[in-house]
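Protein chains in written order, with the numbering used here: chain A, 1 to 163; chain B, 1 to 163; chain C, 1 to 163; chain D, 1 to 163; chain E, 1 to 163; chain F, 1 to 163.
Hints may contain errors.
Copies of one chain are not kept apart here, so a pair can be met inside one copy or by any two copies together.
[Unchecked claim] Quick list of in silico lysine to aspartate or glutamate cross-link-like pairs, EDC-like style, CA-CA up to 20 angstroms: (1) Lys123 / Glu144; (2) Lys157 / Asp143; (3) Lys157 / Glu71; (4) Lys157 / Glu144; (5) Lys123 / Asp20; (6) Lys123 / Glu111; (7) Lys152 / Glu49.
Please keep in mind that the hints were generated in silico from the structure rather than gathered at the bench.
So you can see what is in the structure, the chains are spelled out below.
There are 6 protein chains.
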Amino acid sequence: MTRIATYPGTFDPVTFGHVDVVERAAELFDSVVVTVAINPSKKPLFTAEERVRFLSDALARFENVRVDSFEGLTVDHARSVGAAAVIRGLRAVTDFEYEFQMALMNRKLAEEINTVFLMPNEKYTYLNSSMARNLAQFGAPIDEFVPAAAAKALREKFGEPNG
Amino acid sequence: MTRIATYPGTFDPVTFGHVDVVERAAELFDSVVVTVAINPSKKPLFTAEERVRFLSDALARFENVRVDSFEGLTVDHARSVGAAAVIRGLRAVTDFEYEFQMALMNRKLAEEINTVFLMPNEKYTYLNSSMARNLAQFGAPIDEFVPAAAAKALREKFGEPNG
Amino acid sequence: MTRIATYPGTFDPVTFGHVDVVERAAELFDSVVVTVAINPSKKPLFTAEERVRFLSDALARFENVRVDSFEGLTVDHARSVGAAAVIRGLRAVTDFEYEFQMALMNRKLAEEINTVFLMPNEKYTYLNSSMARNLAQFGAPIDEFVPAAAAKALREKFGEPNG
Amino acid sequence: MTRIATYPGTFDPVTFGHVDVVERAAELFDSVVVTVAINPSKKPLFTAEERVRFLSDALARFENVRVDSFEGLTVDHARSVGAAAVIRGLRAVTDFEYEFQMALMNRKLAEEINTVFLMPNEKYTYLNSSMARNLAQFGAPIDEFVPAAAAKALREKFGEPNG
Amino acid sequence: MTRIATYPGTFDPVTFGHVDVVERAAELFDSVVVTVAINPSKKPLFTAEERVRFLSDALARFENVRVDSFEGLTVDHARSVGAAAVIRGLRAVTDFEYEFQMALMNRKLAEEINTVFLMPNEKYTYLNSSMARNLAQFGAPIDEFVPAAAAKALREKFGEPNG
Amino acid sequence: MTRIATYPGTFDPVTFGHVDVVERAAELFDSVVVTVAINPSKKPLFTAEERVRFLSDALARFENVRVDSFEGLTVDHARSVGAAAVIRGLRAVTDFEYEFQMALMNRKLAEEINTVFLMPNEKYTYLNSSMARNLAQFGAPIDEFVPAAAAKALREKFGEPNG
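Okay, chain A solo, but in the shape it has when bound (with noise of 0.2 angstroms):
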């Protein structure tokens, strides 16, 4: 039986706790399918197909990893995947809040697929993409917290005043 997961996210950009839970389902599923989530009523720093590339660029070492992108339901797009899963990562307590309740209501729209909920390493507790692009705004190192490709790009976008 091959198990599917998709990891659904707004990825703006990906980080490095975002590749480390990636790695930890890689481990767990046959296929991981990496979603980059598009919400018209949203308007993220990068586009849809830069945070595609970033991702793609990050994962490209994990063989049964592939990144795509979806607007919709996210179990819309899991059920078309044929998935049993869909993948979040868990930091925080407030996190945890909000993702226990998109849980449920993803439940209730498609009881036959779980939330699976996975702690990326404790170092990354901090991190996330708003924290990333706010050190990149006011020209932090950010090397250390997001992939190359995305670390690059941010840059570019905030003047690269440490490049």
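Fit chains B, C, D, E and F to the known structure of chain A by using the hints.
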């Protein structure tokens, strides 16, 4: 590749919330080992043998699930059965904090084993073994909350006032 | 002695979670005033008139409930209708923190009015207006989540893809 | 229509935080029954009779409040006095999680009885019976924290070092 | 050895909760620099100059406190003034999560600077700048919540309905 | 002006998380008194003398740190050594709630003493004395988690299975 998960717990006694988590785990892994943790410094209501029996009775219908018990570290047991994952159910924020710390410690002790958090049906949010014991103590009906063998034993333990 | 309670909110739009809270409040108080809070600095999806209409439609069966709207401080409105209590629904820990702060501030402003927290059915834990809007935006079925008039309006707003 | 509420608790002993909650409940309900919960598996500092006496002493000024004790399920007691609501005080997030679970379980056992959460004055945020006992144990002044009869008994219990 | 602490924030505008934190910091450190954080991607109600002025007015009585502003990373500013610590006020659990993540990130960027959390008086638990702005918007009295210069400016901003 | 801080705790036994907090406190204060709290109603694994010895051993390298023990209220001890601050480590949200309540109570008892919260390195998030005892009980390696003298004593206590 065969993926094995363990689901350790006190299970004093098993509730339908636990069964719900097992059902989800059994869909995501090739094999699930539900494990009664024996802790000499705690005094459970039921012996390890009883707790294993209640679980075996409640989980008999799952072909890829078996029940055992162990005394020692969760990760040592997980390694001994070749598990890639340790399953934990998450019901609430308070759960989460403790589970998060245990998961980090377990990762420290066995980097190759991931903790996987699953969420039981929301109708089991209010349910744990302690609450089931309290209900039984005061003669409340418990058949909706714990599987048959455990319910029978709880009623016998507390004088079966509403048997 | 007649006891009146207000239940203020944005209700953009009303969900079955809100209706569940109203039903409980209507049992505990002689009269309940459900109040659409008008905040000029926010941009709701529906106008105050629409939100009042959806509520009136959903709550018509409760004899001791009426719907109105107000612009200003919650406690000023509560005082103007002679309320002894302000009702708030609590679904989750995140709710709680914000609600706690609002309740403390309201007590500071009007010591004689108590905030009363009620808990909707756990099946509405995952449900709020924002989630209902998201579902509608992506064409998911919403009739289980929001009352008829609001559901119809949501479908019209977002092109009624699954109408 | 007469509306009755119960306010169950261990009250070991009553604090001014409890009194504050009773005062609010007494304004919202026609009659309030404050109930000392007797749990044979716990070992309180004071007997049920003492706890009832301290409460009666502290609450004598409220005309629509009476004090009793019970052994059994909260909802069975609530039903036996014809209560429409069970009152609980909420001081903090940790309170909330436990209370939420108890409230859900109670609703499961008695759908017609609602749990109503009230918030004591913020100056009692730090106060519970356990902390009062600790203060008394180390001879700290406690008259600001517990009503007179309970304070006297605490001092006697611990050798009245600052009597 | 002279120990300096910075207390960065948006202060839009300063509240008595902030003043309370400054007072505590001023007792624990030889020198405290209260710093208005300038974030080009946010739109505060008051300009940085106004926010500095309100703070200077409110904090004039503290001899070892001075006020400035900065645009950039908190830790860069802390380093530039030779600070050993960054002060943050903690009022509630929600505060804590965000503050915890910021503190971890700041430590990553500047290991030698510690974040020190102080707790304002519990009577300010409900108070933040956003709530003060809301009160002013609806004409509620604000003199208990924000220092004189800020209160005056808030009233002017919102038409001084209760001036 | 000389500023003294106390850091009270059970320290049963000291972990590297505690040491990390002491190190930070020693940079921020002129003198730090680490204090083993003696509570006659608790049954620690190690005697107060042992706990003091483990701390003294682990903290010998800090010139401005000394270790003592006390029985009574934290604030009474803090006053007796002339402390301006009580240090507490914060690792997680659950910590925070309890610490917040203790800090408010301590402020009530001694307004002039501030509780100062410090955050240990995130690698100690998962670590507390109870977890260290559990690891030792099951023969897991503990040298990464507790200082040498405490680790040796834990191994002796539990039969030194991996000594």
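Now for the hints, and whether the structure bears them out:
1. In the homo-oligomer, the alpha carbons of Lys123 and Glu144 lie at most 20 angstroms apart both inside one protomer (11 angstroms) and across protomers (17 angstroms), since each shortest distance falls under that limit.
2. For the identical chains of this complex, Lys157 and Asp143 are intra-copy neighbours only, at 15 angstroms inside a copy versus 44 angstroms across copies, given an alpha-carbon limit of 20 angstroms.
3. In this assembly of identical chains, the alpha carbons of Lys157 and Glu71 lie at most 20 angstroms apart only when taken from different copies (18 angstroms versus 25 angstroms within one copy).
4. In this assembly of identical chains, Lys157 and Glu144 lie within 20 angstroms of each other by CA distance solely inside one copy; the values are 18 angstroms within and 42 angstroms between copies.
5. Within a single copy, Lys123 and Asp20 get their C-alpha atoms as close as 10 angstroms, and across copies as close as 16 angstroms, so both meet the 20 angstroms cut-off.
6. Taking identical chains as interchangeable, the C-alpha atoms of Lys123 and Glu111 lie at most 20 angstroms apart only when they sit on different chains, with a minimum of 14 angstroms there against 34 angstroms within one chain.
7. When the C-alpha separation of Lys152 and Glu49 is checked against a cutoff of 20 angstroms, the pair qualifies only within one copy, where the shortest distance is 16 angstroms, while the shortest distance between copies is 35 angstroms.
Hint compliance for this structure: every hint is met.
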